[in-house]
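The primary structure of each chain is shown beneath.
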Amino acid sequence: MLMEKNRIKIRIYRKDPEKDAKGYFQEFDVPVEEGMVVLDAVNYVTEHYDQTIAVRWNCKAARCGSCAAEINGMPKLMCKTRIDQLGGVVSIEPMHAFPLVKDLVTDVNENYETERAMPEFTPKEEKEPWIIDEMDVLRSQEFRKCIECFLCQDVCHVIRDHTTKYIGPRHVAKAASLDMHPADSLDRSKILTEEKGLGYCNVTKCCQEVCPEHIKITDNAIIPEKERAADGFYDPIMMLIGKIKKRKNGKNVE
Amino acid sequence: MNEYKELDSDILIIGSGGAGLRAAIEAGANGASVVVVSKSLLGKAHTVMAEGGIAASLGDVDSKDSWEVHFSDTIIEGVFLGNWRMAEILAKEAPERVYELERYGALFDRTPEGKIMQRAFGAHTYRRLCHVGDKTGLELIRTLEDRILHMNNISVMDETLITKIVSKDNKVIGAIGFEMKTGKFVVFNTKSVIIATGGLGRIYKITSNSWESTGDGIALAFKAGAKLVDMEMIQFHPTGMVWPPGVKGLLVTEGVRGEGGILLNSKGERFMLRYSPKKKELDARDVVARAIYNEIKNGNGTEHGGVYLDITHKGAAFIKKKLPAMYEQFKEFAGIDITKEKMEVAPTVHYFMGGILVDAETCKTNIEGLYAAGETAGGLHGANRLGGNSLADILVFGRRAGLYASEYIKNAKAGKMGVREIEAEIDNVKKYIDNKNKGVNPYEMTDKLRNAMEEYVGIIRNEKDLKTALDIVYKLKKESAKCKVSGDMKFNKGFIECIELNNMLLLAECMIKSALERKESRGAHTRSDYPEKSSDWEVNIICNNVNGDIILESAAIPEIPERLKKILKQ
Chain A
2 MLMEKNRIKI RIYRKDPEKD AKGYFQEFDV PVEEGMVVLD AVNYVTEHYD QTIAVRWNCK
62 AARCGSCAAE INGMPKLMCK TRIDQLGGVV SIEPMHAFPL VKDLVTDVNE NYETERAMPE
122 FTPKEEKEPW IIDEMDVLRS QEFRKCIECF LCQDVCHVIR DHTTKYIGPR HVAKAASLDM
182 HPADSLDRSK ILTEEKGLGY CNVTKCCQEV CPEHIKITDN AIIPEKERAA DGFYDPIMML
242 IGKIKKRKNG KNVE
Chain B
7 MNEYKELDSD ILIIGSGGAG LRAAIEAGAN GASVVVVSKS LLGKAHTVMA EGGIAASLGD
67 VDSKDSWEVH FSDTIIEGVF LGNWRMAEIL AKEAPERVYE LERYGALFDR TPEGKIMQRA
127 FGAHTYRRLC HVGDKTGLEL IRTLEDRILH MNNISVMDET LITKIVSKDN KVIGAIGFEM
187 KTGKFVVFNT KSVIIATGGL GRIYKITSNS WESTGDGIAL AFKAGAKLVD MEMIQFHPTG
247 MVWPPGVKGL LVTEGVRGEG GILLNSKGER FMLRYSPKKK ELDARDVVAR AIYNEIKNGN
307 GTEHGGVYLD ITHKGAAFIK KKLPAMYEQF KEFAGIDITK EKMEVAPTVH YFMGGILVDA
367 ETCKTNIEGL YAAGETAGGL HGANRLGGNS LADILVFGRR AGLYASEYIK NAKAGKMGVR
427 EIEAEIDNVK KYIDNKNKGV NPYEMTDKLR NAMEEYVGII RNEKDLKTAL DIVYKLKKES
487 AKCKVSGDMK FNKGFIECIE LNNMLLLAEC MIKSALERKE SRGAHTRSDY PEKSSDWEVN
547 IICNNVNGDI ILESAAIPEI PERLKKILKQ
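Top to bottom, those sequences are chains A and B.
Each residue of the first sequence is one higher than the one before, counting from 2 in the working numbering.
Each residue of the second sequence is one higher than the one before, counting from 7 in the working numbering.
Misleading hints may appear alongside valid ones.
[What the hints assert, rightly or not] Computed cross-link-like contacts, EDC-like style, restricted to lysine to aspartate or glutamate with a CA-CA straight-line distance of at most 16 Å: (1) B/Lys326 - B/Asp316; (2) B/Lys254 - B/Glu108; (3) A/Lys128 - B/Glu108; (4) A/Lys20 - B/Asp316; (5) B/Lys121 - A/Asp137; (6) B/Lys454 - A/Glu48; (7) B/Lys490 - A/Glu48.
Just so you know, these hints were derived from the structure itself, not from any lab.
All figures in this text were calculated on a predicted structure; none of them were measured in a lab.
Bound-form chain A, shown alone (with noise of 0.2 Å):
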């Protein structure tokens, strides 16, 4: 069931911050093929109607992550939304928590600068070469699935509407995936809460809705590192068998 034929119209947001005091959306019509993508629309309309639209892919496979934009103003990558399943007038925005450069492109390298200031990785002092278990490298392993797309910054209200020091979502779970680390020796929990801002996330799990790698920021980050800044529980299995043992003792205090 081929659609060659059928054409979709597309409205790219375009701006030059240097040059344009206002932004405005320029309609292109697409040819449509089964299977297409919002950024397939974006290169053809550059290879074929204006080659100075800015836009930012690499591995156009939704594993690099460069490719985020607000599409029908939803954070989204353009190389993992299907164009042919959308319908009416498709829109596409560059994210709005970052700087515009031009066009679809932002400057997300602030990002790399909050990197630098948290932490970095290190181990305790153990035996080479190190034995870990299975079970230990699950947590830490969902938050390395993150392709730094920036998706969840874009969609935090935290970093969108207000002005805080909250690092965001990308960085907590950054954090987490180092503190989860079974080799790592730090904690970062009181970082994230005392220096970054942590408290004002209020876990409304945008997030982790936004994730195009479905980690669960909120609820397995997050959540965790505010709680074992509040009382050192931090481990759900922990604090579960935690409860139990304190219900056997009969000093169930909830």
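We have chain A; now place chain B onto it with these hints.
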């Protein structure tokens, strides 16, 4: 007079994939001031696409494994074209690089005993690939990226494109490029340059490679006078996606076969039993790719022009744990659940064995101060690369390039680029922007090049096709001189396309000429007019830059010493 800023460093590293970042760490740790530039954003390099794992003979799963067996596998699968010393270094040093990566914070899948898990891969004698599901490259890049960000003497300038490496009296003195985000030119004064820009898969239409893999670094090196080797040797990965069209060529990891996936033709026949009764699906990539190619050509292909790859018998839980990216990739792009349905696959351009000729020990080129590592460099893999050897390569030789470049700069004197040379290069690059005259569309040219390479320089080659391709390249070279785009230099993708096209045309010419020259079939290079392997061709074909012309020469392969020959015999 043009405007530009100047930046001083001891070492300039071009490319921020695994090789570039590993080189930076070593050079930085050795006290050098390092600038890393890359065409893409930091952390997005093509290395993130690497799936299956890092080949290293830890022996955590198969205790019989050793560097000797890894060395032997590498030389044999390279069909004796690979450099023995590079293969020896790779096999010996890969385990330490893996443990080191773990100490940097990488978290590998584990064995039941808590050691590093290793999986089977094509033509590896033992289970050897250390992995993180099917996202090993991402873990590698993220780990190195984190390390780099916490080192003070390394600075990263991402989204910066180098257009020229400047040398004087056969010695590197700097490089010229521009920042994509501002469109401004930068002059890099440096004592040493390490090229780590990866491969050139984007010269083809159907490839597993990222947008950035246009061979820029190889072209830069050649233009600066460096020699290129084995340019005819390009690997077709047996299994790329064939549908939908937007992801045609996207890699389906060898890990699927490593974990037990089987290949079937449209008749339901497990055809690899015919082509390779012993190794079956896990034979070398060139063997499996040719088998699939033949099945499709003989009318046993599927609806979308591929063959089936089936892993459903392993069950949903196993597949989701071991191949999560594959599960996601097929679900999202093709609407196929690989735990219940078969995948459709066909060969896709994947890896470039050839590249810049380097010294096995130090990664240095024939230009003083110029180094190359990773896919950009040639020699290690010979006529065919083993899966997993690329991630080992970038760690082992990335480190070595960083180490020897940082030794070199201790006694090297900084040169100074002439203003006239800088001005000329900037003018040369700026010529692609023209708002008054409509020139040739660079995308049309690239399309034509990719189609020609796909059609005439594919898995099976012959003299007539190769000559046709060469004629097309010559024609495109002429036409592309008229490429123009409008706008300015700031994040102008059409403008970047002009520069990349220039690089790709140069490399395509090298590839085709070398392929014409090698009148035999060996590894990834198959000639229907010379179907047999010939001992006359146990030579490396080298491309020399003689006043801008590509001049070929044959060089004898360094003879394998007796102590290693003994290993090969076992």
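Tested hints:
1. B/Lys326 - B/Asp316: 14 Å, holds
2. B/Lys254 - B/Glu108: Distance of about 34 Å is beyond 16 Å: violated.
3. A/Lys128 - B/Glu108: Answer holds: A/Lys128 to B/Glu108 is near 13 Å, not above 16 Å.
4. A/Lys20 - B/Asp316: Outside the cut-off at roughly 54 Å; violated.
5. B/Lys121 - A/Asp137: Cα-Cα ~12 Å, so holds.
6. B/Lys454 - A/Glu48: 13 Å, holds
7. B/Lys490 - A/Glu48: 13 Å, holds
Checked against the numbered hints above, the structure violates hints 2 and 4; every other hint is satisfied.
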